[in-house]
Amino acid sequence: MDSQMMTGNLAAAWGARLADVDYIPAFPITPQTEIVEALAKWCERGEVAATFVSMDSEHSMMTAAGAAEVTGARVFTATSSQGLLHAFEVLYSISGWRAPLVLVNVSRALAAPITLESDHNDVLAARDAGFLQIHAETCQEVLDSILMAYRIAEDERVMLPVIVNLDGFTLSFTREPVSLPDPDMVRRFLPPFRPSHLGFAASSPHALGVAVIGGTSYAYFRHQMHLAAQNALEVHREAADSFHALFGRRYDLVEGYRLEDADDVLVMTNAGASKGKAAVDAARAQGKRGGLLRLRVIRPWPAEAIREALRDRRAVAVLDQNLAPGQGGILYQEVAACLYHEARRPRALCSFIGGLGGQNLSEGEFQAIFEQTAEAGVAGRGLGPVLLYSAEEHREMTHLQMVATGNA
Amino acid sequence: MWQRETFKKIKQIPREEHVMPGTALCAGCGGLEALRLAAKVLGDHVVYVNAAGCFTMLAAYPYSSFKGSWLYTTMGSAPAGAQGIRDALDVLIAKRRLPKSEDLKVIVLGGDGSTYDMALSATSGAMNRQLDFYYICYDNEAYGNTGMQLSPATPYAARTATSPCSLQHPAATMQEKKDIFEIWRAHRPPYIATVAPRYPLDLEEKFARAATFTGPKMFLALAACPTGWLYDPGATPEVAKLAVETGLWPLKEAVNGVVTHTYIPKRKPVEAYLRLQGRFRHLFEPTVQTDAIRHIQERVDAYWQQAAQEQA
Amino acid sequence: MVAVRFHGRGGQGAKTASRILGTAAFLSGYVAQDSPIYGAERRGAPVAAFTRFSREPIRERGAITYPDVIVVADASLLDDATARVVDGMDDQTVLFVNSSLSTDALRAHLSLPEQMTVRDVTGIALQQLGQREAISALLGAVAARLVGLEWESVRLAITRELQDLAVTAPVIEKNLTVAKQCYDSSGPASLHKGRSQAISVAALHRPIYEPPTKGTARISAAGNSVLRETGGWRTFRPVLFADKCNGCWLCFAYCPDGVIAMNQEDRPVVDYAHCKGCQICVHECPTHALVAEREAEGGVAWTAK
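Just so you know, the protein sequences line up as chains A, B and C, in that order. For the record, in the first sequence the residue sitting at position 206 is 206 according to our numbering, with numbers rising by one throughout. For the record, in the second sequence the residue sitting at position 112 is 112 according to our numbering, with numbers rising by one throughout. For the record, in the third sequence the residue sitting at position 227 is 227 according to our numbering, with numbers rising by one throughout.
Everything labelled a hint here was simulated from the structure, so no lab data went into it. Just so it is clear, the structure is predicted and the values come from calculations on it, not from any experiment. Careful, some of the hints might be misleading.
SDA-like mimics (lysine to any residue), calculated; alpha carbons at most 20 angstroms apart, straight line [what the hints assert, rightly or not]: (1) 174(C) with 286(B); (2) 40(B) with 62(B); (3) 244(C) with 274(C); (4) 9(B) with 222(C); (5) 95(B) with 47(A); (6) 11(B) with 192(C); (7) 40(B) with 263(C); (8) 40(B) with 249(C); (9) 100(B) with 49(A); (10) 67(B) with 16(B); (11) 214(C) with 220(A); (12) 95(B) with 216(A); (13) 105(B) with 8(B); (14) 252(B) with 174(B); (15) 40(B) with 248(C); (16) 9(B) with 262(C); (17) 95(B) with 51(A); (18) 214(C) with 229(A); (19) 214(C) with 51(A); (20) 100(B) with 220(A); (21) 100(B) with 3(A); (22) 67(B) with 271(C); (23) 40(B) with 166(C); (24) 105(B) with 252(B); (25) 8(B) with 299(B); (26) 40(B) with 222(C); (27) 8(B) with 252(B); (28) 178(B) with 299(B).
With the rest of the complex left out, here is chain A:
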């Protein structure tokens, strides 16, 4: 296995390439565009045996992706932010068709105001769309997660599409060493796509995506999607075992960092978790027993793994890089819900909102998070949502406002 420097975007493209996909409908959007540029080039050179098509919108792109998948092709596509939202209704169609394609989302904050850098409101908006979601921390994990995503999605016990998420800029344009799996071993890991319920052909006519009138049928099919997503917990474990045996890297539903004896635990997702881990190290250097839990699989929600990791802690802080206005952090709500029936739940559960639209998460802010969380744990009372905003950021913003209002 040779290792090479590549961006998260290129790693995503390599994931699609190694998965030997058949079809790639595309539409450009920053910061995802590099993925489809790489694939377009490879398809043109014959290095990927897939048809690449430039579509007229993400809505059309997702429709073409889903329609090709239900025809029997293995499909890959990618988008970001506004593009994901423009395609939103189609996500629900694709999961309802039980079309197991893989979509890479490069997280970018949503307009208005329009911006380019990352937060997770885009991908988390799709959390109820019937797609499974895997959120990656490193470029290597992006590539590996795409291979695992196809294996899990195409399993007859699941047959649901998957979103693999990576952060814009902090991962998409960031190069780091990535080990490319051997294509022959990938073929052993990922069997050919031969779905039993899909594939339009003259000899097997069928109607898909049909109307159902009345709640009896509708509820049945929706229940099936939920049960399929639940099955993915076990199918993910099998895929993780197999991936580990073949490639030596292990990915579980959640990843614990220095959790063994941790009093207080910070919960994060995606690339920002790397900085969270550094903050844990810094806290430990000061004699505080901090730890980090990175949520990797968001759908299905790994409730049992989260309970297991957070049981008996003094305090837990969920750092959401998203904001549901009028509610707070999206993941905080879900973590809180799954701890409700845990008798040995943490004494305090704190909510922090940070890193919106590429906003920096400073070491000092992490230190503040750990301090406030520890205090909450001692007091036995949670806090938040705390909107992280440094005094320095406030000064800068005040200046910008003066310019904008002509009072500079």
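Given chain A, work out where chains B and C should sit, using these hints.
Below, chains B and C without anything else, positioned relative to chain A:
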């Protein structure tokens, strides 16, 4: 002079049905009649890609009216669905995962709401990519499945649920019907045709001709609609006939952009057509709105005058 | 509370009838509620609508499971299992059926309740209004009479609801005249107040995962819509006088539902199980070999051919 080559006699219409009965569509549906006749030429090795509209009910669990395949997509992206299916079939055949004998014709079904409005971008994209597919728009000149609201296909002076008559607008809508034929033609697909269910041989001939072209094959079918246009269901052929005979619905085709009218009507006064339908009743009761009727007549006259000039 | 359930075919006015009853009850000082079932219903397909009224606040919503009164706008619905006309009906239910058949004829093959009225409302509408489908005012009037509402509120309700549908004043007047006749032709029914259904704990099924071939909204039985018979949609049927037929194929060519086949002798054979009765074939037949005959409703008349 345009002549039919394949379908010369009515008894050449294939006996076999491909859209099976038991549908939930209205009795007397002109759109269904157009689809039924089209399917007689298209056959069963097809996959219909449906946009939200009345035809959605043709495959409602657990019943399908098609001997071929069907995929319901969205209101705004059925042509993109056709792209995905066509491309997937091609790649699977090229990779020998699917025998060539399993290939399908890909056919988009969209109402005028989808076609003229929401799916216009997706349609433009598919035509621009020279996608090899059929597009059948069943045009009943309003958002029919939601109960007849104004669409860009609604003609001048038609009353709909969202274009009622009022003191300010005694003739109902002042909007002119969007010319989707010309919008399509600007993309230069190899084949475009208008059809009307009352002219079955003209319709069958056009589908047969379309089959000889690779690329987008675009059909605009008059879907006379008893429920929405407010006439007795038995009058569907009569209404469709008068649409053509008054010149309001020209039967034509465009081969690689070159337009030919496939039938030259003697052009009865438009009144004959308008009077049949409840959606135009306000033009005649309680008083006759001569200006509005004259306006419609003048637009038709101008169309055919220009057509004659272009022909010459 | 009084609960009235209307069954009709799309276009017959069951929904408007339920609104007329709702408005009439409201104008009579009751708390009232009315609603239709919206769905894939098309002109001719079975539809249902519901009216409730009470002196107390109404704590029910949606479909009426156990109606006090069932109004059937088209007797063929009694035989249409998909219409579910007899659901929740018991021997105390008051039933009204629009039919030209006798009560005994309708009872011949169906167990129907004691309090049952049959009137040929369509016949009255055809005769006096000149339309086969506009019977909402008449049904509303009959229903209002059965539940004991005064004519004055019914008259106002019909006027309001028909005005809402942009029906012109002269037509509303005609409707009122005929509706009054229908109202007067029946008497109030005896409604069993305070009837309560025993409620037992629902037996819950625990959903289990099934393979995607079953667990996806997907139909692999291509063309199986023939299993759904739409013959009951008709109020009129096309009937062939074979000696007049010139074998021109026009009826076959123009039939939207594809329910006319040409036989060896080039004569049309109508699939009455599916013919929706649009009458296009009758309109277009150049020799008048096809004529429209009113359906003999009730029983299995439309499949008897």
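Worksheet item: Given the proposed pairing of residue 11(B) with residue 192(C), does the C-alpha separation stay at or below 20 angstroms?
Response: At roughly 62 angstroms apart (the allowed maximum being 20 angstroms), residue 192(C) and residue 11(B) break the hint.
Discussion item. Hinted pair, alpha-carbon criterion (20 angstroms max): residue 100(B), residue 3(A). Please report holds or violated.
Written reply: Since the Cα atoms of residue 100(B) and residue 3(A) sit roughly 41 angstroms apart, the hinted pair is violated (cutoff 20 angstroms).
Discussion item. Hinted pair, alpha-carbon criterion (20 angstroms max): residue 40(B), residue 222(C). Please report holds or violated.
Written reply: holds (16 angstroms)
Worksheet item: Regarding the pair residue 8(B) and residue 252(B), is the alpha-carbon distance no greater than 20 angstroms?
Response: Holds, at roughly 17 angstroms.
Worksheet item: Between residue 95(B) and residue 216(A), does the CA-CA distance stay at or below 20 angstroms?
Response: violated (41 angstroms)
Discussion item. Run the distance test for residue 67(B) versus residue 16(B): straight-line Cα separation, threshold 20 angstroms.
Written reply: Judged against 20 angstroms, a Cα distance of about 11 angstroms means the pair holds.
Worksheet item: Straight-line Cα separation of residue 9(B) and residue 262(C) no greater than 20 angstroms?
Response: holds (15 angstroms)
Item to complete: With a cut-off of 20 angstroms on the C-alpha distance, tell me whether residue 40(B) and residue 249(C) pass.
Response: Roughly 15 angstroms separates the two Cα atoms, so the pair holds.
Worksheet item: Does residue 252(B) lie within 20 angstroms of residue 105(B) when you go C-alpha to C-alpha?
Response: Measuring from Cα to Cα gives roughly 23 angstroms; hence the hint is violated.
Worksheet item: Holds or violated: are the alpha carbons of residue 105(B) and residue 8(B) at most 20 angstroms from each other?
Response: violated (25 angstroms)
Worksheet item: residue 178(B) and residue 299(B): Cα distance at most 20 angstroms?
Response: Distance ~13 angstroms between residue 178(B) and residue 299(B) Cα, so the pair holds.
Discussion item. With the threshold set at 20 angstroms, check whether the alpha-carbon distance from residue 40(B) to residue 166(C) stays at or below it.
Written reply: violated (41 angstroms)
In this structure, the hints that do not hold are numbers 2, 3, 4, 6, 12, 13, 14, 19, 20, 21, 23, 24 and 25, in rising order.
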